[in-house]
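Dock chains U and B against the given chain W, drawing on the hints supplied.
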Amino acid sequence: MSATLLQVRGLTTSFRAEAGRFEAIKDVSFDLGEGDVLGIVGESGSGKSVTALSILGLIPDPPGRITAGQVLFAGDDLLKASRRRMRQVRGGEIAMIFQEPMSSLNPVFTVGDQIVETIRHHERIGVRAARARAIDLLDRVGIAIPAQRLDEYPHQLSGGMRQRAMIAIALSCNPSILLADEPTTALDVTIQAQILDLLKDLREDFRTAVVLITHDLGVVAQYVDRVLVMYAGRVVEEAPVEALYASPQHPYTEGLLKSMPSIDTDADRLQAIPGTVPSPFELPPGCRFRPRCPYARDACDVADPPLLDAGPGHAAACIRLNDYQPAARAGAA
Amino acid sequence: MIAYVIRRLLYVIPVLFIVSLISFSLMQLVPGDPAVVVAGLSATPDEVERVREQLGLNEPFYIQLLSWYGNLLQGDLGTSFLLGRPVVEVTVERLPVSLSIALYALVLTLVFGIVLGIIAALRQNTWVDQAVMTAALIGVSLPNFWLGLILIVVFAVHLGWLPSGGYVDFREDPWAWLRATTLPAISLAMLQMGLLARITRSTMLEVLRQDYIRTARAKGLPEHVVVGKHALKNVMIPVITVIGIIFSLLLSGSVVIETIFSIPGVGSLLGSAILRRDYPVIQGGLLLVATMLLLLNLLVDVLYAYFDPRVRYDGD
Amino acid sequence: MATEASTAAVTATVPQRRRRKATVWHRLLRHRLFVTGMFLFTLVAIGAIFADVLTTADPQKMSVRTRFEPPSLSYIFGTDNFGRSQWARVLYGAQLSLMIGLGVVVLNAIFGTLVGALAGYFRSLDNILMRIADAFMAFPVILLAIGITAALGPGSINAVIALAAVYTPRTARIVRASVLVAREMEYVQAAKACGAGDWRILRRHILPNCMAPLIVQLTFIFAYAVLSEAVLSFLGLGAQPPIPTWGNIISEGRQYIREAPWITLIPGIVLAATVLGLNLLGDGLRDVLDPRLKVQQ
Chain W
2 MSATLLQVRG LTTSFRAEAG RFEAIKDVSF DLGEGDVLGI VGESGSGKSV
52 TALSILGLIP DPPGRITAGQ VLFAGDDLLK ASRRRMRQVR GGEIAMIFQE
102 PMSSLNPVFT VGDQIVETIR HHERIGVRAA RARAIDLLDR VGIAIPAQRL
152 DEYPHQLSGG MRQRAMIAIA LSCNPSILLA DEPTTALDVT IQAQILDLLK
202 DLREDFRTAV VLITHDLGVV AQYVDRVLVM YAGRVVEEAP VEALYASPQH
252 PYTEGLLKSM PSIDTDADRL QAIPGTVPSP FELPPGCRFR PRCPYARDAC
302 DVADPPLLDA GPGHAAACIR LNDYQPAARA GAA
Chain U
1379 MIAYVIRRLL YVIPVLFIVS LISFSLMQLV PGDPAVVVAG LSATPDEVER
1429 VREQLGLNEP FYIQLLSWYG NLLQGDLGTS FLLGRPVVEV TVERLPVSLS
1479 IALYALVLTL VFGIVLGIIA ALRQNTWVDQ AVMTAALIGV SLPNFWLGLI
1529 LIVVFAVHLG WLPSGGYVDF REDPWAWLRA TTLPAISLAM LQMGLLARIT
1579 RSTMLEVLRQ DYIRTARAKG LPEHVVVGKH ALKNVMIPVI TVIGIIFSLL
1629 LSGSVVIETI FSIPGVGSLL GSAILRRDYP VIQGGLLLVA TMLLLLNLLV
1679 DVLYAYFDPR VRYDGD
Chain B
234 MATEASTAAV TATVPQRRRR KATVWHRLLR HRLFVTGMFL FTLVAIGAIF
284 ADVLTTADPQ KMSVRTRFEP PSLSYIFGTD NFGRSQWARV LYGAQLSLMI
334 GLGVVVLNAI FGTLVGALAG YFRSLDNILM RIADAFMAFP VILLAIGITA
384 ALGPGSINAV IALAAVYTPR TARIVRASVL VAREMEYVQA AKACGAGDWR
434 ILRRHILPNC MAPLIVQLTF IFAYAVLSEA VLSFLGLGAQ PPIPTWGNII
484 SEGRQYIREA PWITLIPGIV LAATVLGLNL LGDGLRDVLD PRLKVQQ
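Protein chains in written order, with this note's numbering: chain W, 2 to 334; chain U, 1379 to 1694; chain B, 234 to 530.
The set of hints was computed from the structure by calculation and includes no laboratory data. Hints may be right or wrong, so weigh each one.
[To be verified] What follows is a set of in silico ranges between Cβ atoms, one per label pair, in the way DEER data are often shown:
#1 G1606(U) / G219(W): 41 to 51 Å
#2 I282(B) / R84(W): 54 to 64 Å
#3 H1602(U) / L73(W): 42 to 52 Å
#4 Q293(B) / A1509(U): 40 to 50 Å
#5 T1504(U) / Q473(B): 45 to 55 Å
#6 I390(B) / R1463(U): 26 to 36 Å
#7 P303(B) / T1504(U): 33 to 43 Å
#8 F1402(U) / P441(B): 34 to 44 Å
#9 P303(B) / I1516(U): 23 to 33 Å
#10 Q149(W) / R1688(U): 13 to 23 Å
#11 W1539(U) / R84(W): 38 to 48 Å
#12 W1553(U) / I282(B): 50 to 60 Å
#13 S1650(U) / A506(B): 24 to 34 Å
#14 P441(B) / E1427(U): 52 to 62 Å
For glycine and all other residues, C-beta sits at the position ideal for the given N, C-alpha and C.
Bound-form chain W, shown alone:
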């Protein structure tokens, strides 16, 4: 692995709801190196987006609050950084793109406006130069006739073009990290591939590290180096992509892979994971996956297992690993 850019340690974010406070993500940790592509997978509600938003301090407060952890980036803990510093980081050093290109661009400003303002916020540069760079960026993300598109409004662009424009905004200040939150979910399959290929190229050209959040394991297999699997707000498995597909260690990962169609297996033998993701208010006492787990045993009720070593760069939160003996802890939420 190359030089570490970002270290996330024990990140925990909770939300206030009518029924009380709940933890949307708990104890999330990972490292991101220069030029890495890290995939975060999980069902909706597993805490993928909250993780990304927490890193940039974009969790709306109230109702959300980051209650524990560290986000170490370029020598700072971003959770303790000043507002000023955070504004430099956001969009400048760590950029983010979102799931809905439709609603993520401001409908009442032109695409050019929205790129130029980002550039000019982060760098001392004239409007003219910023516009030139914006045209260049649009061209680079594959938008035809960029000079004309620059003065168009988001609703005049197709979904794929909007996402390209979002990427252009994200790349406008050469960030070292790009957080991509389900960037292709809202798009057609063909456009999906184009956007993902674009991200891949960009990573090669700029050495930008990418965190790709997705629920699509097919995407993961194709574009990602390392994977975090999240379930009900926790990381349940972390592995290099080949290891994950070859020998998934957590039963949830196993279930996810089994539910994925592939050319090798018979399509009519796809298996769905039984049950549903528990509500954050009704988490089981021990392992969160216990109620849906085919390997569940009594010891699973004792405590939520930590990530256990399962090979080089591979870890999973399952007590079947290394004959782990859970010890009951008091006050485990």
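Same frame as chain W, now just chains U and B:
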């Protein structure tokens, strides 16, 4: 854009036609013999007959209707019984007075309504928010004529800061104009201010939850740009659409407020016309005001298109 | 994210309707502003209903000896220029105001629903009905009401007719909007496919869906109607003196506002409190019944 304006214009025409029909019909609503009502109970049969003649009430209904439209197309709305002058003339000469006060009130409404609404939204669920919203709610519930009277008692009678009535033309003496119109403008604006503050607040809260606001923050823009640029322009869109309604409410209030403050505008003209049953003035005044508002709404639509690029291009 | 968990429970089906009704009440009673509005309105309503119990004074009885009495123990709200008990006049004024408001609301409910349902359901009628509604709405509310009452002649009944005429297009628009949404619902399409008649579909399937916005709208109409009636009678177009209305009490008191401000002040405060109460009720109902229109709490 031009196509859009033309389409709106075409839509206004049938509405204007019905508006004029409603104005015409008002006269038909007068129970019994309108001529007697107009001439007064003590009038001699001769006088009643003269009024009947003057109003064209001898003619059959369709002739009355036709001549109403015939005159309308020539810009003739009839003659005021009371003043003996054409309705158009007496209305138009008083219009600047009413409009100047309405504009003043509109400015007050927009400035205070929008600013307070935004402040409340940004301080959601704090005491500031609650104070602003309580004030807005009370503003919406205060009868404007009563508020006008209270303002007169407090600021004119007791404190003596401002005159209790009358009007000075702006071109003659801007300062005197401002002194004379401040209390009426406040009485007029209070309701709309409350209304607008409430609308602005809820729109702002809605906008602040949008994805593009999150994008703006993710780009590292400072909060004043996120709110002042990205949110504000989106908030302005629905706010602009209510300007027509606000103006309509302002003109509604002018009858009472101009009467209370003895201001020689269209409102007080209508007020006295009502008491003296000067029907041509009532009909004509209503028609003029409604037409003005329709045209204003047209203007608002165009402004709306300017603010919301989605409308602008859908129209092409 | 926080809402994701809570939205799942929202879909209500028919058997749950009764339970929903109970929770609606529960939520209304927890809505602080709604309860405040309820309190204000109930206070005025009690005053109106029990006016002849709460005062033995005749609101029209003049007495030279008791002119311009300021509020005191014997005259709670003071007396006016004719020595009439203001307490009695304000109470009987409340009676008239609320009755007029109620009349406008009832007429509005009937005609607004009728016009709105026709326009929303029968597309061929929509254009013409809505153009007429637009034309009515082009006039400033009070001005048109003034015009109509001026033509019909002053009086409470005419005020009710004028205000109902002015507000009906507004209510019709709201009903129409709900009908337009409801008629596209799958169960309505299904009922249609099963051969249910238009009338039956409207009554059984579509109108129940318009109830929430309609109730909210009518509450606000009540508030506007009370306020507008006061304006009309202030201008001398409502009930004629000596019958007391809040508007004409204020109008009469206006001349004595320096010497006897209570004559003007008190009915204005009561009027404002009534309108405020109704507005609060409307806000509460809207928050609870029609969350789409929710002004963020």
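Hint by hint, here is what the structure shows:
1. G1606(U) / G219(W): 41 to 51 Å: holds, 43 Å
2. I282(B) / R84(W): 54 to 64 Å: holds, 59 Å
3. H1602(U) / L73(W): 42 to 52 Å: Violated, at about 29 Å.
4. Q293(B) / A1509(U): 40 to 50 Å: Holds - the Cβ-Cβ distance for Q293(B) and A1509(U), about 42 Å, lies within 40 to 50 Å.
5. T1504(U) / Q473(B): 45 to 55 Å: Distance hint for T1504(U), Q473(B) holds at roughly 49 Å.
6. I390(B) / R1463(U): 26 to 36 Å: The hinted range 26 to 36 Å holds for I390(B) and R1463(U), with Cβ atoms some 34 Å apart.
7. P303(B) / T1504(U): 33 to 43 Å: Holds - the Cβ-Cβ distance for P303(B) and T1504(U), about 41 Å, lies within 33 to 43 Å.
8. F1402(U) / P441(B): 34 to 44 Å: holds, 39 Å
9. P303(B) / I1516(U): 23 to 33 Å: Holds, since P303(B) and I1516(U) (Cβ atoms, about 25 Å apart) stay within the stated range.
10. Q149(W) / R1688(U): 13 to 23 Å: Check passed, 19 Å falls within 13 to 23 Å.
11. W1539(U) / R84(W): 38 to 48 Å: holds, 44 Å
12. W1553(U) / I282(B): 50 to 60 Å: 52 Å Cβ-Cβ, so the 50 to 60 Å window holds.
13. S1650(U) / A506(B): 24 to 34 Å: holds, 31 Å
14. P441(B) / E1427(U): 52 to 62 Å: holds, 58 Å
The structure shown violates just one earlier hint, number 3.
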